[in-house]
Each structure stands twice: as C-alpha cells, then as structure tokens.
Amino acid sequence: MGIGEGEMTRSQILQFVISGITQGSIYAMVALGFTIIFRTTRIVNFAQGDFVMFGAMLVATLHNLFHISLLPSILLSILIVAMIGGAMEITMIYPLKGVGIFPLVMITLGASIIFNSSSLLIWGVDPLHLKGFSGDNPIRFYGATLMPQTLWIVGAIVCVAVALFSFFRYTKIGQAMLACSMNDEAAASVGINVRMMVLSSFILSAALGGLGGVLIVPITMVMFDMGVLMTLKGFAAAILGGLGSAPGAVVGGIVLGLAESLSCGIVSSGYRDSITLFVLILVLLVRPSGILGSRFIKR
Amino acid sequence: MLHVQNISSQYGSIIALKEVSIKVNEGEMVTVIGPNGAGKTTLLKTISGFVRPSSGKVIFFDNEITHLEPHGVVRAGISQVLQGRQVFEDLTVLQNLTLGAYLRNKSSKSEIQADLEIIFELFPILQERRKQKAGTLSGGEQMMLVIGRALMAKPKLLLLDEPSLGLAPLVVDRVAATLERLNKTGLTMLLVEQNAEVALTLANRCYIMELGRIALEGETEEIRSTERVVELYLGKEV
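Chains as they are written, first to last, in this note's numbering: chain A, 2 to 300; chain B, 15 to 252.
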C-alpha cells in the first residue's frame, strides 16, 4: 500500500483520512469502555477488547447462521455482551473486593484469556463476516470512496459520546458513578450503593464494546483472537486522550486511527500495529496524563 | 433513638472494640472522646455499616441495623461525616451537595432546592463557591461542604468523626457554633472528637473511650469536673 513513486494525491490522503476516522471511531468506542470502568473503579479492564470480539462474533452468527434479521441480531448481541460484562463483575471482581486495584487488573487479564479460549472453542479459527448495514456499494466522495458502513460507525460514536457526556454530567446515576471513582467511602456515606455502580459500569462498558464489535464486522474480518489487539488499541487511545476522560477517549481514538492510517500510506501497512505501540510509549514518556487528561493519572 | 448494645469488633487479631454500649436520645448531642486508637472511629463506622462487628447489636428506632450496608444505614436516617473532609474533589460544590440528596427519590426538586437554600444560609461561603470544584476549597470550607452534604440527606441522626481535625482554631470555633445551632433546631448528633475541650462544651452527654472500652460516661457537666478527665483531656489549667 506504499505510495510508489509520485506524491500522494489529495484524494489518496482523503482516503486515508476516511479510513483512519472509521478505524479510530472503533478505537474510541473501546477507549470509552475503558473510561467507564476506570472512572467508577480505577480498574483498567484488559478484557475490554474481548467485549468487541463477542459483539462481532455474536452478530455475525445470529444473522448468518440463525437467520435472525439484522436489527434484532444487533440488539441481542449487545444485550448478551452486556450480560457477559455483568457476569464478569459478579464472578471475578466482586468476590475479590478489598484486595486493591492491581490484583483486579491482573484478574481482567485472566478474564481476557478465558474469553479468548471460549471463543476459540465456540467459533473455531475461521473468520466471520457480515454485509454492511446499508449494503456495500461505495459512495464516491471527492475522488475517494466511502463505505456506507463508515457513516454508521462515525454516527454511532458521535451519538455514544454525546449520550455518555450527558449521562455523566446530568444524570443522578452518572454523578454517582463519578463519585465512586473519586472516593468510594464518601460515596457510600451519602447513600450510594457502590457495588451496584461497579456492576453497572461493567454492564455499560461491555455493552459499548459489544456495539463496537457489531459495527466493525462489515468492514473487517473478525476472529476469536481479535480482542487482544482491540484491547491494545483501545488502551493506547485511552492513554493518548487521558485515561479517565471521556472526551479524551474519543479524541485519542480518532488520533490513533488517523496516525495508523496515514502511516500505512506514508510508510508501509506492515508498521500499522507498531505505530500504536510507538504512540503509547511516546505519550507515556512525554505526557503521561494524555491530551485531555485529568489529574486521575498523575500519581 | 440509637442504642449500641455490647458491640465487639476486631481487625484480624487486634481487638478494636470490647463490649461497647452507648445510647443516644432524640435531640441530644452526645460525644465520644478519647485518645488516638481508642476505637472511636471504629465505633462510628460500625454504626454506619462500614465495619461489621463480631458481636453485639445496633438498634435505631426499634429496628436492628447491625447488618445493613452503608447505603442502607443512610436510608434508615443516619448520615455520617467521615474523618478527613472527604469531598468529591473533581465535582463542584453544588454537585457535591446534590449528591447528598442521592437517596431522596420521593422529594421533589423544589424541596431539595429549598434544603439547598437552608445549607447556603448556614454556610454562605458555599453559595459563593457553588460552581467551584470541591478540591479547590480550603480545609474549613471543605468541612462545611461535607457537613452540608450530610445534611442534604435529611438525617435523623448525624454522626461526626473528628470534625475539628486539621482545622485552624478559629475555623473549629465556627464549625462548633454551627453544630450547636443545628442541635438547637432539633438535629440529634453523635460527635467523636479528640479535641475534648470543644466536644465537652458542645455536648449534653459524654462517653470516654480508652483501649476499645467505655471508661467513663455521664453528663458533660460532671465529666468536666472529674479530676482524671481534667488531668488527661483538658489540661490542668481548666
């Protein structure tokens, strides 16, 4: 995918920007999932990418294999992933309350391995695929092509970001979740059921991951082990934007997507994943609090 | 109103409370004083559900609340001002106060607004700073905020864990005056303090805790004149 001899044309650049934003929106979705759990519990959930994997595998299976129509397949998939998130909290996080954050982060890594292996057992190693929600006829756009699915993905991330922002700022439960992240003892002292907030944060963030997975199936091959890479990308995006900041997660995701895509164009697509790691290391070295980071991370 | 019966509690093998019993009647301000490590905070946290006792009971208005979770205790009508001014630092003053009313689902917006006005009247500085993040307030202002936040739950009983800790003497006096005023309006309080002078001036009755036990109890008037108390807690010149 190198540029060959001449300069990149404007339409080529536009093409890379489009695909960068598309991919970046998915990373943003994963990063938002990280943010929600981190905000409530200060746990970094390394199984976040597996929620995306489950969402993707489930929707492809329900629609292609069980011939359930698209919308119910999507909703059902997200619902199941949300339940997986809740089950994870109930079986792995809650029983260990009081052990501190670090062991719990390790537990989420363990959960990721379990999710990965279960997925291998259920679906095998073959990739799954799904048609675009609005077909796969590309739209011409100033010399570049735009898949209709891109519009779905970008639209979804915009809606989700606005909804989450309002949720944390204006709703009682959102404020209560924030309160838990700042001081869980004080949160309990005003009558907040801290346990329920933790459980809700896992359910909500799993649902978001599931949504990301559902959206991504038409533009990529999905496989049982895609979660690991998704976690990595989403984590890098969250760190880049500032772990704990919801707008930061969105910005971080898009920036990471663009960086990847443009590097594919300028250097070589072989370096795509190493760009993520490079960005991650760079941010941690230069500005550990991220682009829009709060005080959360400085300690 | 509140009856703590023979509470014992331990952290691992360390015994924090030994058969502690205390009583708080409606309208009273009761204080528990004693040195560091006597078990005062553990006692409060046992009442508010953060610590599970190994034996004994906590009775509130004829209901046993020993095994309630902290949020359940708040629902029952007991609010706690935790030690160390624990505000939600990245939320604004107003958001902090609003969270205080978290469990009041039945109250209308206007009722909660009216209670906010009462808090602002009690602590005018909070109104001035209502849009400021709580983490940027001074120590005294944060103390007022956590008291205000606890009041927003409309508790029947307010537990206070060392409200004077780390505050300048002048600020301690202001907080003390506010507590006195709240008590006069009918709010029942259980105040844990190391600052015996302040606590004994405010309270009607007093318990003295030493090494996890109640060492002495009585009306503050008689406690104040007890020789040992004067010597140990108030300093000789009193």
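Some hints here could point you the wrong way.
As the list claims (entries may be wrong) - One-sided and incomplete, this derived list gives chain A residues near chain B with beta-carbon spacing under 8 Å:
hint : residue
1    : Ile22
2    : Gly99
3    : Gly101
4    : Asp127
5    : Pro128
6    : His130
7    : Lys132
8    : Gly136
9    : Asn138
10   : Pro139
11   : Ile140
12   : Met183
13   : Asn184
14   : Ser190
15   : Val191
Rather than coming from a laboratory, the hints here were simulated on the basis of the structure. C-beta: ideal position from N, C-alpha, C; glycine also.
Right, here's what the structure says about each hint:
no. : hint   : result
1   : Ile22  : 30 Å, violated
2   : Gly99  : 12 Å, violated
3   : Gly101 : 17 Å, violated
4   : Asp127 : 47 Å, violated
5   : Pro128 : 43 Å, violated
6   : His130 : 43 Å, violated
7   : Lys132 : 44 Å, violated
8   : Gly136 : 45 Å, violated
9   : Asn138 : 47 Å, violated
10  : Pro139 : 45 Å, violated
11  : Ile140 : 43 Å, violated
12  : Met183 : 5 Å, holds
13  : Asn184 : 5 Å, holds
14  : Ser190 : 5 Å, holds
15  : Val191 : 5 Å, holds
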